[in-house]
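Residue numbers (my numbering), protein chains in the order written: chain A, 1 to 434; chain B, 435 to 1076.
One or more of the hints may lead you astray.
Below 27 Å or equal to it, Euclidean Cα-Cα: the simulated BS3-like pairs (lysine-lysine) are [what the hints assert, rightly or not]:
#1 Lys623(B) / Lys149(A)
#2 Lys249(A) / Lys623(B)
#3 Lys526(B) / Lys149(A)
#4 Lys978(B) / Lys504(B)
#5 Lys860(B) / Lys838(B)
#6 Lys860(B) / Lys246(A)
#7 Lys149(A) / Lys860(B)
Source of the hints: derived by calculation from the structure; they are not laboratory data.
Every value quoted in this text rests on a predicted model; they were computed, and no experiment measured them.
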Amino acid sequence: MNRRVFMKSGAMALATMGLNPSFLRRTVFAQDILKGGLRSPTGKGKTLVVLFQRGAADALNIVVPHGEKAYYTMRPSIAVPRPSAMSTPTSPSAIDLDGFFGLHPSLSPFKALWDDGILAPVHAVGSPSNTRSHFDAQDYMESGTPDNKGTRDGWLNRYLAVKGTCDECHLHDAQNAKQSPFLAVSMTPQTPRILEGGAPTVAMNSLDEFTIRTNNSQADRIEALYRTGNADVIHAAGGEMFEAMKILKTANPQQYAAQNGADYPRSPFGQHLRQIAQLIKADVGLEVAFADVGGWDTHVNQGGSTGQLANRLDDFSKSIAALVKDLGNRMADVTILTMSEFGRTAHQNGNGGTDHGHATSMFVIGADVKGKKVHGKWPGLAPEQLNEGRDLALTTDFRSVFSEVAFKHLGAAKMDAVFPGYTGAEKNWLGVLG
Amino acid sequence: MRTLTVISLAVAATAVSAQSRKQTPAVPQSTTQQTNDLLPDEQIQQVLNRLTFGPRPGDAEKVRAMGIDKWIDMQLHPERIADPGADSIISKYAIYSMPTSDIMRDYGIAQQLQRQVKKESAADSMNKRDARKDALADNPKAAEAIRQTQQLVGELQSAKLARAVNSERQLDEVMVDFWENHFSVFAGKGQTRLFLAQYDRDVIRPRALGKFRDLLGAVAKSPAMLFFLDNAQSAADSTEPTLGRRPGTQFRPGIVARRPALGGARGRIPPALREQYQNATPEEREQMLKRVQAQAKRGLNENYARELMELHTLGVDGGYTQKDVQEVARALTGWTFNRQTAEFQFNPNIHDAGAKTILGHKFPAGRGEEEGEAVLDIVARAPATAHFITTKLARHFVSDDPPKSLVDHCADTFSKSDGDIRETVKCIVTSPEFMSRQAYRAKVKTPFEVVASALRAVNAQPDFTPRTAQVVARLGQPIFGRQTPDGWPDRGDAWMNTGAILNRINFGLSVAAGQLPTARLQNWPLFDSLRVLPRDKQVDGVIKSMLGGQVSTETRQVLVSGENPMLAKGGAANDANGMAMLDSSSVMMGGGRPPARQPGKAEKDGKGFPRGQLPGFGRPVDLKGLPQVVGLALGAPEFQRR
């Protein structure tokens, strides 16, 4: 998957001359961004795919700091071995990225993305809150307001609510234009915290479920019921729903089989990503997609390069890599952002696992990332460098990454509304995206 | 056209006991006068919809026979209502008879077993699941204990729904639900679920129509709330005096006696560093301790204090400051619970005994548990609280934006009766605003109310499994599953969204198809009598029984014939304010058909992806005859209202 595939058509010529297209984007298209419009080569809108690893994924075994001696002394039996020519299938070693960091071997599908320059790991990033409660930390990361339990909505919903209200935005006029009912879709049974709020979103377990479970004539009658009687909030919601179903029926996302040889795992996570791809291809106006995956809370027997965590990472990376492959050209308009509520202890515990930690890691995947680099400021793993003597210390607030992605990829404005109380937008950006 | 409308109205009027009329006064098509007063049958519907979880067949007749006032009074005094059905339900659930100390004991056993298994499996590097199976086989009592703890939430959800559907003390059930939402706790947070049965049975239920101050105090001392909002581990900052020690006393290394052993290793050297600590020089040790102590210094947790004022009493605009939050938190330090007995316990050693100023009141130093009680007294009796609580009650019983006149009047009743919930509810449900046209059928049902009212409408039996409760979760409102302490919203616009409507429609169809475990249309009293009647009479019967006896003529027409008469005549799709025809595909209602869905396709696509087996979310249903009418009615917009 060559980066050239993601060129904007106008930049194609220059790109083959070796010029960095994101530079081009900044100048030629800067005008467009200032005007509030977001163009794209395929003429369609942008999509952000947010993937939440619930349970505090072990960042140190995911983006492995194999250059740190302390990593190996602290994890005598579960550390991922240094990249080595002697890596074997039963004891695979880390996949080297830049001489200091590597990937867990089960993330091998990510290596191709790294080589193409579209995978940007971010390390030592996370929430400034001290909480080690899954429940609270997920709440803070989804609400976008660490240590504030009073926030009722999620930051992605606030983004949806304020977009189109920046001074010169034309693309989505919240007042008048008919917004797609599929602006924000969550492949979950209920609306997740991150999408809770006033802006309308759709939560569905699967595309197949988004249908009235009866034959056509009965469905027609039900629709008739919602188009008769008095106009009120119930009828309005019903009307929107039937609209959405019609759009879905016409667009028929299920028709899009995986392309380019993409092979999605049969896991729930893999299937959710497959359906997100279908929705993107179906051009239903999807701008924000969300899915989550659990099983990361590895307190016991997490394994090193093989074992529990490795199995989770295998499904995780295969699913995401399939999504990227399946989307092909459309990856020009899609950015994938992964996250977890916090990391885990630097030391392994007495049960071959790790406990709740602090800073974590993320992946940003897309055409616009500054590739071939592990972003963030590495604090080190010496005892005095650890947070509270036990965890990877935090050097980047998660809101920095989120706001950078939201602004640069989606064109979000009004950061103070999307992340109230956060003053680091723009000035604290790591430059993960070009 | 107009003639036809009048004639069909006349026909409808004779077929249904209540008049067929529009539900908003916007553009009346009928010639009936719009008054603010409700007709007697409408009053009965209003009272049943608001004071119960929905009318059952025969309920309207009972209310009519007794008289509305007498019926309301009876519901306001649940102790006067015999309820053998609910008693029988309660006896089926172990959780109601289990002391919480037993639940804690079982949980302890489960934890112990897990630790044992971890040790063994780590040692032998055996497969963890096999190790567990072996350990459980050796110890059937432990196995039973574990099974109990895992099923706690499912049982409680099932019990709550079953009681809401089948109890005769309906207003009491409505109030229990109201308060469990007002004082919301989340079953998914840590050990909260262990204390839920106690919360429902011992804390909320006995006080749902009593004095607000009593209820508030019981909640404040409940392990469920103490755990959920972290007050159980809130301790005085080390700079403050406690009742156990003087301020500035040397903090002894490794000590945890000051606080309950909760919340991790704060205040201690982390296990990973213990060896290092033991081998360290005295200077290094001092450094390590300093670092750890710097974390331990702040033991105060403000979470409950803030929610106590913001969500439980004064309201966010109730006139408290951030300083007040902190001071209240200080006053409530030491309010915790015993881990073995799950009983409230005041721990003087961690109680902040310094002087405080709270909401303008001065609290001298050296006071103990009575400080927290004084705080509760102040907030419970504040005028802002009377207003806040009354507004929420009025929103629940009358309309999303209750009239100011009503709130002011009944807040006054709240204050004058020293926070008597019964008196306040009585004030609201006997008010003219309650029995007004604006309030009539003005509320949108929550998912819990949709499921409960559908089950009551078809006279369903209680489901002792968690399956029906899971349907409530699938509709978006998992019981005890609200993650944030503000509870579920009580406004229609919060519940009406694209996915929600779809789920409710599918739910209605699944009830009619008999997919819910304990709801069989054959057991519906009207089934046999209606089944043999022609379609239009069936529709009238269902409208009367399930839709309050009133729908617009067009709605009735759709139920009878499947055609929208307005569309057939080429008019606007919606007969009220001309809700615009959105696009040409709505023409299909008049004639064309969309391409037939392939029946097997869903299964094929879903292969390898776990399908929901919940009723309403599985196989499509094909209803005919009377079940079809019922399915349409339960999925109709009118059924979403109460």
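Against the structure, the hints come out as follows:
About 14 Å separates the Cα atoms of Lys623(B) and Lys149(A), which keeps this hinted pair within 27 Å; it holds. Taken as a hint, the Lys249(A) and Lys623(B) pair is broken in the structure, with Cα atoms around 39 Å apart against an allowance of 27 Å. For a cut-off of 27 Å, the pair hint linking Lys526(B) to Lys149(A) is broken: about 38 Å separates their Cα positions. Of the pairs offered as hints, the one joining Lys978(B) and Lys504(B) holds, with about 23 Å between alpha carbons and a cut-off of 27 Å not exceeded.
A hinted pair counts as satisfied when its Cα atoms are at most 27 Å apart, and Lys860(B) with Lys838(B) qualifies at roughly 17 Å. Proposed proximity of Lys860(B) and Lys246(A) is contradicted: the alpha carbons are some 47 Å apart, above 27 Å. Restraint check for Lys149(A) and Lys860(B): not satisfied, since their Cα atoms lie roughly 34 Å apart, outside the 27 Å limit.
Checked against the numbered hints above, the structure violates hints 2, 3, 6 and 7; every other hint is satisfied.
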